[in-house]
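Trainee: Chains as they are written, first to last, in the numbering used here: chain A, 1233 to 1429; chain B, 230 to 1039.
Keep in mind that the hints are not guaranteed to be accurate.
Simulated crosslink set (SDA-like; lysine to any residue; CA at most 20 Å straight-line) [claimed, not checked]:
(1) A:K1331 / B:E291
(2) B:K433 / B:G443
(3) B:K280 / A:R1408
(4) B:K742 / B:T764
(5) B:K520 / B:R538
(6) A:K1331 / B:D379
(7) A:K1373 / B:R240
(8) A:K1373 / B:K742
(9) B:K742 / B:E707
(10) A:K1331 / B:E290
(11) B:K866 / B:L822
(12) B:K280 / A:K1373
(13) A:K1373 / B:V238
If you're looking for bench data, these hints aren't it; they were derived computationally from the structure.
One-letter residues, chain by chain:
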Amino acid sequence: MGIEISFSADELALPGFAGLAGDRAALDQLFSVTYEELRRLASILKRRDPAASLSPTTLVNEAWIKLARTPAVAQLSDLHFKRIAARAMRQVLIAAARKRNADKRGAGPGMTVVFDESLGGVPSCDEELLALDAALDRLAKMNPRQALMVEGRFFGGLEGAEISELLGISEATMLRDWRAARAWLAQQLAPVNGDGQ
Amino acid sequence: MDSSRWERVQRLFHEALDLAPGAREEYLGRACEGDAALAAEVWAMIEQDRKAAQLLDRPLEEVAQDLLRAPATPGQIGAYRLERVLGEGGMGTVFLGVRADLGSRAAIKVLRDAWISPARRERFGAEQRTLAGLNHPNIAGLLDADMLPDGTPYFVMEYVDGEHLDAYCNRVDAIRETRLKLFLQVCRAVQFAHQQAVIHRDIKPSNILVTSDGVVKLLDFGIARQLESLDREAEATRTAVRFFTPAYASPEQLRGESLGVATDVYSLGAVLRGLLGDQQAGGDLAVVCQKATHEDAARRYSSVEALARDIDHYLAHKPLEARPDRLGYRAGKFLRRNREPVIAAGLVAMGTIALIAVFLIQLRAERNSALGEAARAQRIQRFMLNLFQGGDREAGPAKDLSVATLVERGVKEAQALHDDPAAQAELYRTLGEIHQKLGNLAQAESLFDSALERHAEPATVLALGLLRVDQAKLAEAERLVRQGLAQARATLPAGHPLIADANDALGKVLEEKGEYGAAIAVLDESARMRGKDETGLANSLYELANVHFYAGHYSQSQALNERVLAIRKRVDGEAHPGVAEVLVNLGAVQQELGHYAEAEQFHRKALAIHQAFYGDQHPVTASGLTMVARALVFEKKTDEARGLLLRAVGIQESVFGKAHPRVASALNELGNVAMARNRYEEARAAFTRMVEIYREVYAGKHYLIGIATSNLGNAYLREGENAKAEKLFREALAMFRETLPGEHLNIAIARIKLGRTLLRQKRYAEAKAETSGGFTILNKQVAPSVTWLQSARADLAEIEQGMRRKDAVH
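Modelling step: build the complete structure from the supplied sequences, incorporating the hints.
Mentor: Structural data, given as C-alpha cells:
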C-alpha cells in the first residue's frame, strides 16, 4: 500500500538524500502532507476564495514548514527538500490520475461510495497528466537535468533562480533548456502528431 | 531518442528560433541534410513553442482541483443511507447517515484516498482507536467501524445535532454564567480524555457542539495522541505532521515541540477567551485566560482540572481576598489551613493525651527494668497530678488552665527527672513538640536541644528536622530528617515503625519543598514498609493524601483519605477523633473542588464526632464549627455561618478567657464572614479586638499582630477609606519586617495590599514600587497563590494604565 518514491543514483549521492530515501516513515509523511496540501489547495480554488493565493510554491513551502523538524528532512537543505517535495507532488498527482483513470474505465474495485458524481462527465486532465509523466520519464533518459527542471518548476513551483542554483547552471542556460523541454513535451502530449519516440 | 540526437535536436531548435520566422524552414532543410524525421521533429517543437495554454503552463492548483474533486452526496455505507456531507477535513469526509431500519442518525467518517500513504491509514486507525476508549457524555463517541469493499476504512460516530459553541452562545445571547458552565462541560470532556491519556490537540469552537438540550459534545479526535505513545515514539510525535488550527494552537505546538496536557490547556484558554469576549475585561476571568494561555507551558494551569476549578470558584463567587488572611494560612498548605487549627485548638486535650502517652510508653519500657514498676508508676502519677493541679490538690483542674501553663509546669517537672536522662529527653521532646504546635518555635528548639544533649535518639533528630520546616529552613530540615532516618535504620531492627515514621517525616519535608513527585515516591515506600501495621499504614497514607492534595491530585487525595478513613474506622471505631481528622481532610478536598455542600457534610460529620468526644464547650468543637462555617460561606449561607462562628468565639472565650490567641483566631473568621456580608463595621469590630488580643498576648511584637492589623486595614480598604487602610498596612508591614524573614509570604501580601491603597489614591509610582515588590516575593514562593498573583498582576496593569493617563495629561 502507498506510493513508492524513487531516486536516481545521482540523487542518492546528494547530501542528506540517502537518509530520507531510506526513511519509509518520513516518506509516508511527506506523501501525506503533500496530499493534504493539494486537497486544501483544490478546495480553496473551488471556493474561489480571493484571499487565497496558493500556488505550488506556497504549497511546497507549507510542506517544508510542516516537515522541517522531521530528522530525515532536517538534514536536507531547503532546496533539496523542495526537489523531493516536487517529486512527491508528482507521484501523488500521478497516482490520483491513474486511480481516476482506472475507475473511469471500470477497472477499479467496485465501491459502495462514489466520491465524485461527475465521473467521466467533465473533461479532466488525468490522461494528459499520465502522458506527461511518461514523457518526463523519457526526457530523463535523454537529459536528466531537464526532467528535473520540469519536475521542479511544474510540480514543485521552484523559481528560475532556485532551479539554476540547484542544477548548478546559469539562468540563461536554464531558460534555454526549459524552452526546449517545454516544446518537446508539448509535442509528446499533442493528440495527433505525438510519436512518443 | 538518445542523448546525442536530443542534443542535436535542441541545437537546431534554438538556432532556428534565433532566425526570422520566414528563414527557419529553409534553414532546417539545409541543416538536416535529408534527415526528414529530424527536421520534422524540430519543426513540430517550433510549432509547439508558439502555442500557449499547454498543460505545463497551467498552474498546478488547477490540475490538482481537477483530480481531487470535492465529494458529492454518495449512496450507502453499511446499514446507513448517506444523506449529505457534514464536513470535510484533510483526512476524510464525514457524512450524515440514517439507518434505514431504525431511522437513527449517525456521523460516518470515511478515509479519503486511503491509497496515498500508509501514514494516513495509520492516523485514521489511531483516531478510531482513541475514540473507542473515550466513553463520556461530553464526547461524541464511536458506534461502529468497518471497511468498504475496496478496503477503504470508515467508522460510525454518534451524530450530534448541535451548533458550534461560539455560534450557540451568540445566537441565544448567553450570559456569562451560561458560557462558563458550557465551558466547564468542555473541560470535563478534555479532562476525561487526559485521564485516558489522550491529548486532543485541536480544541476549537468548531470542534465543540452544543445540542438543543444545552449538552456539550467534543468532536474530532483526528489528531489526538495517546500520551503513552508520546513517550514511546517521542520522535514521531515531534515530527508528527501538524494539522491543528493556528488560532487555538499553543506556542509549543506552533514550534513543533513535543506536546502534553499543557497544549490542551492552552487551547481551552483560547476558547474561553473567545467565548467571553468583552465579558472578561479586566476581571478574574481575564487572569484565568492569561494563566491558561501563558507562553511558557510550565506556567499554565498544571491540569484542566485546575483550570476548571478556578472557573468553579469564580462561579461560586469565591471572594478573591477570602483566602490569604485566614489565621495560620499559608499558600496552598492544606495542613495549616485544615488540620492545624484542630490540633492547636485541641491542644489542651491532645497535649495532655500526648504527655500521658509518653509516660505510658515509658512505663511499658521500664517494666522489666531494675528500677521497678511501682517506683516508676508513682513518679509518673505525681507528675500528672502536679501538672493538672498545680500542686493544689483541693482545687482540682483549673478552669483557665491553658496549654502554655501546662507546658510550663511540664518543663519544671521534667527538670526534676535529671536522674533518668532518657525519660527526661523524651519529655523534653514531647513538650517541645507541643510548643512547636503552639507556634513557640524558639522554646521548641531549646527543648529539642536539651533533649538531644541528654539522649540523642532518632525521634528527636526528626522532631528538630520538622521544626526546621516551620522555621522555613528547608535544606537544614532535609539534612536532619535524612540523618534521623539513617540513624533509625542503623540502630533499629528492620521493620521498626520508627523507620517508617522517619520516612514519613522525609516525605513531609520534601512536600514542604514542593518536591511532590519525590515526596510521593518516599511516602509510597513508607506505605510499603508498614506491612501489617494498619495504624502506621493509615498515618503514611494520610501524609500521602496530603501531598497529593498539594500537588492538585484531588481524586488521588480523596481516594487515599477514604482508605485511611476505612482503616481508622475499623481500628479505632467510627467515633474516634482520628476519623474526624480524615473527615476534615475529605471536606477540604471537596472545598477545593468547589463542592461546598459536600464539604459542609464532611465537616458536619467531623463536628459531630468532636462534639461527642470533647463535649459542646471544647476548643476542638469550636474548630469544627469554624470548618462548617467556612463551607457555608461559600454556599452563600453567611447568616448561618455567622451563627456558628459566634458559637465558636463563645466557646474559645469560655475556655481560654477573653484575651487568648484562640479567641483572636475565631474573631478573624467572624471578621471575614462580616466582610463577605459587606458588614464592614462588624468586621472592623472583630478585627480590632483581634489586634488588641494579639498585642496583649504577645507584648506588642508578633507577626500575628501584623496579620490582624492587615485584616483591619482590609476592612477600611473595602470601604474606600484609603488613608486609614494605608496607615494600617504600613503598620502591618513594619511588624512583618521586624518578625519574619525578608521574603515571607505575609510581606508580599502586605505590600500588594499597600500598593492597592496607593493605587486607589492615584499615587502610582509609590503603588508600583510596593505591588511589584510584593509580586517579586510572591513569585519566589514554592507554590505561590494564584489568587494573589492574579490580583497583583491586575493591579500592576491598572497602575501602568494610570501612569500613562497621568503622562498624557501632563
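Trainee: Each hint needs a verdict: does it hold in this structure or not?
Mentor: Now for the hints, and whether the structure bears them out:
no.	hint	in the structure
1	A:K1331 / B:E291	holds (18 Å)
2	B:K433 / B:G443	holds (18 Å)
3	B:K280 / A:R1408	holds (17 Å)
4	B:K742 / B:T764	violated (26 Å)
5	B:K520 / B:R538	holds (13 Å)
6	A:K1331 / B:D379	holds (13 Å)
7	A:K1373 / B:R240	holds (18 Å)
8	A:K1373 / B:K742	violated (71 Å)
9	B:K742 / B:E707	holds (9 Å)
10	A:K1331 / B:E290	holds (19 Å)
11	B:K866 / B:L822	holds (18 Å)
12	B:K280 / A:K1373	violated (25 Å)
13	A:K1373 / B:V238	holds (15 Å)
Violated hints for the displayed structure, listed by number in ascending order: 4, 8 and 12.
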